[in-house]
Amino acid sequence: MLGLAGLNGSGKTTTIKTLAGILSPHAGKVLVDGVDPASAKEFVSEKIAWVQENPLFETESSIFDLVKYFATLRGIDRVNLERTVHYVLIRVGLSGAERLKVTKLTMGMRKRLSIAIAMLGNPKYYLFDEMFNGLDPEGIKFMKDKISELRSSGHGILLSSHVLSELQSIANRVVLIINGETTEPVTLADLLSQGKSTIRLRVSNPDEKLLERLKTYGTVSTGQDQINVSGVRRDPSSINAELVKAGYLVTEFVSTDNILEEYFAQKTGAHE
Amino acid sequence: MIIKGLSYYIKRIVKQPAFIFLLAFIMIISFLVIYESASVPLNEQNYVLSGIYDDNGTVNLSTYSMNCMGQPLNGIEINITAFGKVGSPNIPQNLNFPNISSNDEGYANLTLGNFSQLSGVIFNIHVLSKDFSFTGQSVFRNLAVSNISYSISPQLVLNASNPYYSIPFIAYFGPSGTSAPPVTLYSTNITPNSFSQKPTNLTLVGTYSHFHLLTVNGIFGGPSNPDKAFFLYTDNNSNNSSPYVFSGSVYAPPPDLANTISFMGEIWAITGFLITTTAIIVIEMMYSRELANGTLDLVLSQPISKRRLMLDRFGSSAIVMVLALIGIVAFDYISFYLLSGRGLPLVLIESVFFGILIAMISIMGFSVLFSRFRRYGFYFTFSLFILFALGSLFAGGAILSTYGTNPSNLPAYIQIIYLLSPTNFLELYANSAAPGIASYFQPNYIPSDLSFPLSLVIVTGLVWAVFPVMLAYLAKSNREN
Numbered sequence: 001m002l003g004l005a006g007l008n009g010s011g012k013t014t015t016i017k018t019l020a021g022i023l024s025p026h027a028g029k030v031l032v033d034g035v036d037p038a039s040a041k042e043f044v045s046e047k048i049a050w051v052q053e054n055p056l057f058e059t060e061s062s063i064f065d066l067v068k069y070f071a072t073l074r075g076i077d078r079v080n081l082e083r084t085v086h087y088v089l090i091r092v093g094l095s096g097a098e099r100l101k102v103t104k105l106t107m108g109m110r111k112r113l114s115i116a117i118a119m120l121g122n123p124k125y126y127l128f129d130e131m132f133n134g135l136d137p138e139g140i141k142f143m144k145d146k147i148s149e150l151r152s153s154g155h156g157i158l159l160s161s162h163v164l165s166e167l168q169s170i171a172n173r174v175v176l177i178i179n180g181e182t183t184e185p186v187t188l189a190d191l192l193s194q195g196k197s198t199i200r201l202r203v204s205n206p207d208e209k210l211l212e213r214l215k216t217y218g219t220v221s222t223g224q225d226q227i228n229v230s231g232v233r234r235d236p237s238s239i240n241a242e243l244v245k246a247g248y249l250v251t252e253f254v255s256t257d258n259i260l261e262e263y264f265a266q267k268t269g270a271h272e
Numbered sequence: 273m274i275i276k277g278l279s280y281y282i283k284r285i286v287k288q289p290a291f292i293f294l295l296a297f298i299m300i301i302s303f304l305v306i307y308e309s310a311s312v313p314l315n316e317q318n319y320v321l322s323g324i325y326d327d328n329g330t331v332n333l334s335t336y337s338m339n340c341m342g343q344p345l346n347g348i349e350i351n352i353t354a355f356g357k358v359g360s361p362n363i364p365q366n367l368n369f370p371n372i373s374s375n376d377e378g379y380a381n382l383t384l385g386n387f388s389q390l391s392g393v394i395f396n397i398h399v400l401s402k403d404f405s406f407t408g409q410s411v412f413r414n415l416a417v418s419n420i421s422y423s424i425s426p427q428l429v430l431n432a433s434n435p436y437y438s439i440p441f442i443a444y445f446g447p448s449g450t451s452a453p454p455v456t457l458y459s460t461n462i463t464p465n466s467f468s469q470k471p472t473n474l475t476l477v478g479t480y481s482h483f484h485l486l487t488v489n490g491i492f493g494g495p496s497n498p499d500k501a502f503f504l505y506t507d508n509n510s511n512n513s514s515p516y517v518f519s520g521s522v523y524a525p526p527p528d529l530a531n532t533i534s535f536m537g538e539i540w541a542i543t544g545f546l547i548t549t550t551a552i553i554v555i556e557m558m559y560s561r562e563l564a565n566g567t568l569d570l571v572l573s574q575p576i577s578k579r580r581l582m583l584d585r586f587g588s589s590a591i592v593m594v595l596a597l598i599g600i601v602a603f604d605y606i607s608f609y610l611l612s613g614r615g616l617p618l619v620l621i622e623s624v625f626f627g628i629l630i631a632m633i634s635i636m637g638f639s640v641l642f643s644r645f646r647r648y649g650f651y652f653t654f655s656l657f658i659l660f661a662l663g664s665l666f667a668g669g670a671i672l673s674t675y676g677t678n679p680s681n682l683p684a685y686i687q688i689i690y691l692l693s694p695t696n697f698l699e700l701y702a703n704s705a706a707p708g709i710a711s712y713f714q715p716n717y718i719p720s721d722l723s724f725p726l727s728l729v730i731v732t733g734l735v736w737a738v739f740p741v742m743l744a745y746l747a748k749s750n751r752e753n
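Protein sequences appear in the order of chains A and B. For the first sequence, position 53 (counting from the first letter as 1) is numbered 53 according to the numbering used here, and the numbering increases by one without interruption. For the second sequence, position 255 (counting from the first letter as 1) is numbered 527 according to the numbering used here, and the numbering increases by one without interruption.
To be clear, the hints were calculated from the coordinates, so they are not data collected in a lab. It is possible that some hints are incorrect.
If you want the ones that stay clear, here's a sample from chain B, every Cβ over 10 Å from chain A, calculated [claimed, not checked]: (1) L367; (2) N375; (3) I576.
Listed next, the in silico DSS-like pairs over lysine-lysine satisfying Cα-Cα at most 27 Å (straight line) [claimed, not checked]: (4) A/K124 with A/K68; (5) A/K209 with A/K144; (6) A/K47 with A/K124; (7) A/K104 with A/K68; (8) A/K144 with A/K104; (9) A/K29 with B/K283; (10) B/K283 with A/K104; (11) A/K47 with A/K29; (12) A/K101 with A/K68; (13) A/K29 with B/K287; (14) A/K141 with A/K47; (15) A/K124 with A/K104; (16) A/K68 with A/K144; (17) A/K101 with B/K287; (18) B/K283 with A/K101; (19) A/K68 with B/K287; (20) A/K245 with A/K215; (21) A/K104 with A/K141.
Quick reminder that beta carbons are idealized off the backbone N, C-alpha and C, glycines included.
Could you put the whole structure together from the sequences, leaning on the hints where they help?
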């Protein structure tokens, strides 16, 4: 799963639309499995599904009719048509809402519908454009789970977002688009080795040694009954494991990761 | 799969409130036309206008034969006789001339002779043809023509079934540059057989001197008024020895076309125009929104060919429009049949044909537009405007070919549709301006017959002004959606 990050207007959606064969590049070349969408659009489009940031459909259509129409575009034969439609709607949790008109759907439901349409024809790659925008926490969780599920089943995923914390939590690798140029892909492990996190923890049996130990991870500050460690350069989960192993009763351990943001800021600064 | 795609879009089109509204609107308008058309008698009438003019002492006659729609008729056999006082001494006598026949443009011309003295002569024009073929629009071929009315210069024969409310005509008496003696206008009842006789039982209409344009108001002809002939008659008696030639022409408009509407032309014009407009509006509403909000992008991301995409969209539009057209024509046909007891199968076929033609024009236009993948904006709006213009041009052409060159006698709503055609609108102004200029330089200029009430011109002018604004607003609201 590749994350695509950048500021608003940096060109994430344009990149995705180019990959999906909707737009043609003014310069350069886009290849999907070695094939240029411009020369073999139908072939490439079969492999790719695009999930829009703000899914807009014909509002007077019912969910079922809409998915059925897109199923025909995906070349699903008449025999399997309705079964396929029901299957993808079940997969995204819209089973039972088939007859609802699109105009009645919430943003979360529209995004689910968009994923259902994307699933038709079982494409090899999914292009998710700003999937988490406009979703409530439950919706975000659903999307993350669904994306993880698709990744687990062997699909390649390109996920664009300007919300870096969300991207960091789900993508294996990240490419930044800055001033029209892309950076080299970086893995989360790479970033962890470079980035900094903040840890907030509560320990029921704190002592002096605990503070000394925490100072080796970063800058320590205390307040009421919690301890904050900033500038952490290690994987927070390994710190938690070490504390437990040392006999501390850790009742709360919250890691605030901003490593991607820092990396982004660093790259942006470098460009400036 | 293709059928699924088409049916999906067909469902979308027919569910649109705008489509339903426009369809209902078309049906109401066409029903109004049908209602009016149903009162048209089958026996349409034909007219022969004539003019006799003096060309340096040579008296010439020119006739123009037309049907009730103002279209030229060829092969109309015309016999000219004259009764009057010719030569010196002025002895009343009958004069006979060879028959003439109207050409493809409807004209038949004849040099009557070089008369040294001519006064008080009435030239009678007899239309001999009762059964003739038409040139021009073949669509009128099947209309029965049995009654032939006569228009005799300077007499005007009125028909019993169609009343006139005013009779404009232009006459000029006397050789050029001389002042004409007073002329008295009489009317009298005549029958076709009495044309060669000097009218009797004259009724005085009025006395005029050296007039160019005279409009006589009143109700002439019609069911309650027997056929009546007007003729110009001078008070100069037989002893008048001065050279004197009738040199005028009856400026007779076609009969009141509101009462002789052709069902066929109406259905062409109205349905063609409205179907085109409907197609444009519906397609505009459906596809511009997709273009604007990105829904189209989702379709484009699917593994389908551009051909399939166009087939789905424009094919479905074409199917809906053609089906709507067939439905409307069927509705009109049945209405017409129930109201008049007559059926017009040819109308049905031709209307459907032209409806399909118009739909295809729309489809081609949008296909070309779509193939460029233009984002919604100026080009799209401009293309709609052009399509609208094409549609209304077509409708205007149909109206013009149906009613001849004088649509000013048409019902107001037909005139508005006529004026909505961009070329007709421009033509209107050209024709409005020309008489003013011409009459300035040429006092005897005959005003154009293309004259419309100012209110209608203003209304249609406003429509033309508002239309682009309306499209722009539509485009803006679609973008916002």
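So, going through the hints one by one against the coordinates:
Remark: the non-interface label on B/L367 is consistent with the geometry, its nearest Cβ contact in chain A lying 78 Å away (cut-off 10 Å). Distance to chain A confirms B/N375 as a non-interface residue, since its nearest Cβ pair spans about 60 Å, more than 10 Å. Against the 10 Å criterion, B/I576 falls within the reach of chain A, whose nearest CB is about 5 Å from its own CB. Among the hinted pairs, A/K124 with A/K68 is consistent with the structure: their alpha-carbon atoms are about 20 Å apart, no more than 27 Å.
Straight-line distance between C-alpha atoms of A/K209 and A/K144 comes to about 39 Å, which puts the hinted pair past the 27 Å bound. Taken as a hint, the A/K47 and A/K124 pair is honoured in the structure, with Cα atoms around 5 Å apart against an allowance of 27 Å. With a C-alpha separation of about 18 Å, the suggested pairing of A/K104 with A/K68 holds against the 27 Å cut-off. Taken as a hint, the A/K144 and A/K104 pair is honoured in the structure, with Cα atoms around 24 Å apart against an allowance of 27 Å.
Straight-line distance between C-alpha atoms of A/K29 and B/K283 comes to about 39 Å, which puts the hinted pair past the 27 Å bound. Between B/K283 and A/K104, the direct Cα distance comes to roughly 19 Å. Compliance with the 27 Å bound is thereby established for this hinted pair. A threshold of 27 Å between alpha carbons decides the hint, and for A/K47 with A/K29 the separation of about 18 Å falls inside it, so the pair holds. Straight-line distance between C-alpha atoms of A/K101 and A/K68 comes to about 14 Å, which keeps the hinted pair within the 27 Å bound.
With a CA separation close to 42 Å, the supplied pair A/K29 and B/K287 exceeds the 27 Å bound. Under the criterion of a C-alpha separation no larger than 27 Å, the hint pairing A/K141 with A/K47 is consistent with the structure, at around 26 Å. For a cut-off of 27 Å, the pair hint linking A/K124 to A/K104 is broken: about 31 Å separates their Cα positions. For the given pair, A/K68 sits about 26 Å from A/K144 by alpha-carbon distance, which is consistent with the 27 Å threshold.
For the proposed pair A/K101 and B/K287, the alpha carbon gap of about 13 Å is at most 27 Å, so the pair holds. Pair hint B/K283 plus A/K101 holds up; C-alpha atoms about 14 Å apart against a cutoff of 27 Å. Of the supplied pair hints, the one linking A/K68 and B/K287 holds, its CA atoms being roughly 18 Å apart against a limit of 27 Å. Note on A/K245 and A/K215: the hinted pairing holds, with a Cα-Cα distance of about 17 Å set against a maximum of 27 Å.
With a CA separation close to 22 Å, the supplied pair A/K104 and A/K141 stays within the 27 Å bound.
Hint violations for this structure: numbers 3, 5, 9, 13 and 15, all remaining hints satisfied.
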